[in-house]
Each structure stands twice: as C-alpha cells, then as structure tokens.
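Chemist: Listed below, chain by chain, are the residues.
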Amino acid sequence: MSKRESLIRKTNAAIEAFKSQRLRWVTGRSQIKVEIDEKRYQQVVDSIMKDEIERHMIIGAIKEKGLLTVGEISQLTGLQPSRIIQHIIALRRNGVIGEAGERNRQYLYQLI
Amino acid sequence: MVKEVSEEFEPLIVAFCCNWCSYAGADLAGTSRFEYPPNIRIIRVMCTGRVDPTFVLEALKMGADAVLVAGCHPGDCHYQKGNYIMEKRFGYIKRVVERIGIEPERVRLEWISASEGGKFAALVREMTQQVRQLGPSPFRLISNSK
Chain G
1 MSKRESLIRK
11 TNAAIEAFKS
21 QRLRWVTGRS
31 QIKVEIDEKR
41 YQQVVDSIMK
51 DEIERHMIIG
61 AIKEKGLLTV
71 GEISQLTGLQ
81 PSRIIQHIIA
91 LRRNGVIGEA
101 GERNRQYLYQ
111 LI
Chain R
113 MVKEVSEEFE
123 PLIVAFCCNW
133 CSYAGADLAG
143 TSRFEYPPNI
153 RIIRVMCTGR
163 VDPTFVLEAL
173 KMGADAVLVA
183 GCHPGDCHYQ
193 KGNYIMEKRF
203 GYIKRVVERI
213 GIEPERVRLE
223 WISASEGGKF
233 AALVREMTQQ
243 VRQLGPSPFR
253 LISNSK
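These protein sequences, in sequence, are chains G and R.
For the first sequence, my numbering assigns the number 1 to the initial residue and increments by one for each residue that follows.
For the second sequence, my numbering assigns the number 113 to the initial residue and increments by one for each residue that follows.
Read the hints as simulated data drawn from the structure, not as lab findings.
Hints are supplied without guarantee of correctness; some may be wrong.
To be verified - One-sided and incomplete, this derived list gives chain R residues near chain G with beta-carbon spacing under 7 Å:
#, residue
1, 140
2, 144
3, 165
4, 167
5, 169
What the hints assert, rightly or not - Below are the SDA-like pairs computed for lysine to any residue, each with C-alpha atoms no more than 25 Å apart in a straight line:
#, chain 1, residue 1, chain 2, residue 2
6, R, 206, G, 65
7, G, 19, R, 225
8, R, 193, G, 25
9, R, 173, R, 151
10, G, 3, R, 193
11, R, 200, G, 36
12, G, 65, R, 213
13, R, 200, G, 38
14, G, 39, R, 193
15, G, 19, R, 250
16, G, 50, R, 151
17, R, 206, G, 8
18, G, 63, G, 85
Ideal Cβ placement from N, Cα and C applies to all residues, glycine included.
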C-alpha cells in the first residue's frame, strides 16, 4: 500500500468515524453526562476513536474493492488480521457486513 | 515575456472564523490597515460550535497546509457555549489528526474578539511562519509527487 493510499484511506476513515453516532455521543455532540473521571473518560473516547477509524478503514476497503478476505483487508489497510477479526465480529453483529462465500479457504466479506 | 514561477513554498491556511468575534476581528484588521500575509482563506461560520471535525479533516484532505479555528473568547460566545463545545471537540480533532499521521501543529484553535484586529494580523503572520517551517501538508506533497 502506497503512502498516498494509506493517508487518504486513514483520513476518509477518520471523516466517516466522526460522522458515526458512536463517536458523536462520546465527543460531546449529544452532551451526554457520564459519572466517571475525566482521565478515564478520555481513555474511553480514545479507544472508541481508534475502533471507529479502523472499522471505517475496513468498510472503506470493502466498499472500494468488493468481496474481500481478512488477509486482503489486512494488506489494504495495514491492520493486523487479529484486529480485523475483532472488528468483523462487531460489524457483523451490527449488521454492517456479512459473509459471502469463500476464497482460498478464507471467508469473503461484503457490505450488507 | 515568460513569467517565472516561484518554487518557494507558500502555505495555504484555511480559517473558520465565527461571525460575531473573529470574523469581525479579521474585518477590523483589514479596515485598520494591519498587514498580514495573503496565505489565509477565511470561511465565515456563525459559531465555532458549528465547525464539525469533518470540516477540518476535509480541508486538510483538499490540500490546506493548516487549519485555524477562531472564535469568541470563553464566556463571550454569542450562543453562550458554542466555543466551549469547540474547545472540547478540538482536543479530539488534534488527536485524530496526529493518529492519521499529520503534524498536530497544523490545526489551531484561537480566541479573537471583534476588537482584536491586531491580534488577528499577528496570529496570521505567526501561523504562516510556523507552517512555512513545517513545510507542505503531506497531502500536497503526495499529490505533487504523483
């Protein structure tokens, strides 16, 4: 993956992440009140931000290339396969992506 | 006559200025004849609270070398807490910018009131100098090398 592709992919993912409801809630858009200390709250926001950016990188890759396996997503995004599988579990649960057959004995994923 | 094209890097700064304070401050800088570099492109918004993080990221993606968000001083917001919302949001914007691999110094949040024309001009001068030292935005470098 070239530097250009990587930077654009990351920026697009960050833009999509900031549009997501999950990140909007915690970055104060919806002004929610939470009963935890500020440091812990920042850690939670950072973790959600990281997750959302990575998930949108995965979604962006599938949107761009069509059906992809975990290995192919890893090559396109530069993320570790174990991390991709964690996100795929969450994205499947949320009904964003689903399985669509196999290629080289690996599951293919598509957007729903 | 062949016109020579300068190779020297000229930064492009996108500024989101709030209508009630910073935009009026920029206007005052102009009417007071304060000199500042022409590297800034001002976008007027009603309040800094209106500036979505995606605006900043899109500006960088489209080739801005730096982004300035300028609003009313804390406590002076026309909409009471728009600038407080932005201040909180800005921390997240900086962290995301750093995470995607862009220097966090390329995004700045400043408070400029309607009477601070001199401060606006000084800020633009200082920021232009800072961005000149940082060099072109990674997006610009990439599109030039392509």
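Chemist: Next, verify each hint and record whether it holds.
Modeler: Hint-by-hint comparison with the structure:
A distance limit of 7 Å between C-beta atoms decides the matter here; for residue 140 of chain R the minimum to chain G is near 31 Å, and the interface restraint is violated. Look at residue 144 of chain R: its Cβ only gets to about 36 Å from chain G, farther than 7 Å, so that hint breaks. Using the Cβ-Cβ criterion of 7 Å, the hint placing residue 165 of chain R at the interface with chain G is satisfied: the shortest such distance is roughly 4 Å. Interface restraint check for residue 167 of chain R: the shortest CB-CB distance to chain G comes to about 10 Å, outside 7 Å, so the restraint is violated.
A hinted interface residue such as residue 169 of chain R counts as satisfied when its beta carbon comes closer than 7 Å to some beta carbon of chain G; here the least separation is about 5 Å, so the hint holds. With a CA separation close to 30 Å, the supplied pair residue 206 of chain R and residue 65 of chain G exceeds the 25 Å bound. Restraint check for residue 19 of chain G and residue 225 of chain R: the C-alpha separation of about 30 Å exceeds 25 Å, so the hint is violated. In summary, the hint linking residue 193 of chain R to residue 25 of chain G is supported, as the alpha carbons are separated by about 18 Å, within the 25 Å threshold.
Proposed proximity of residue 173 of chain R and residue 151 of chain R is supported: the alpha carbons are some 17 Å apart, at most 25 Å. Between residue 3 of chain G and residue 193 of chain R the CA atoms are separated by roughly 40 Å; this puts the pair beyond 25 Å, and the hint is violated. Among the hinted pairs, residue 200 of chain R with residue 36 of chain G is consistent with the structure: their alpha-carbon atoms are about 17 Å apart, no more than 25 Å. A hinted pair counts as satisfied when its Cα atoms are at most 25 Å apart, and residue 65 of chain G with residue 213 of chain R qualifies at roughly 24 Å.
Annotation: proposed proximity of residue 200 of chain R to residue 38 of chain G holds, straight-line Cα distance about 12 Å (limit 25 Å). Distance check on the hinted pair: residue 39 of chain G and residue 193 of chain R sit about 23 Å apart at the alpha-carbon level, within 25 Å; holds. The straight-line distance between the Cα atoms of residue 19 of chain G and residue 250 of chain R is roughly 23 Å, inside the 25 Å bound, and the hint therefore holds. For a cut-off of 25 Å, the pair hint linking residue 50 of chain G to residue 151 of chain R is broken: about 33 Å separates their Cα positions.
Annotation: proposed proximity of residue 206 of chain R to residue 8 of chain G holds, straight-line Cα distance about 17 Å (limit 25 Å). The straight-line distance between the Cα atoms of residue 63 of chain G and residue 85 of chain G is roughly 17 Å, inside the 25 Å bound, and the hint therefore holds.
The structure does not agree with the numbered hints 1, 2, 4, 6, 7, 10 and 16 stated previously, though it agrees with the rest.
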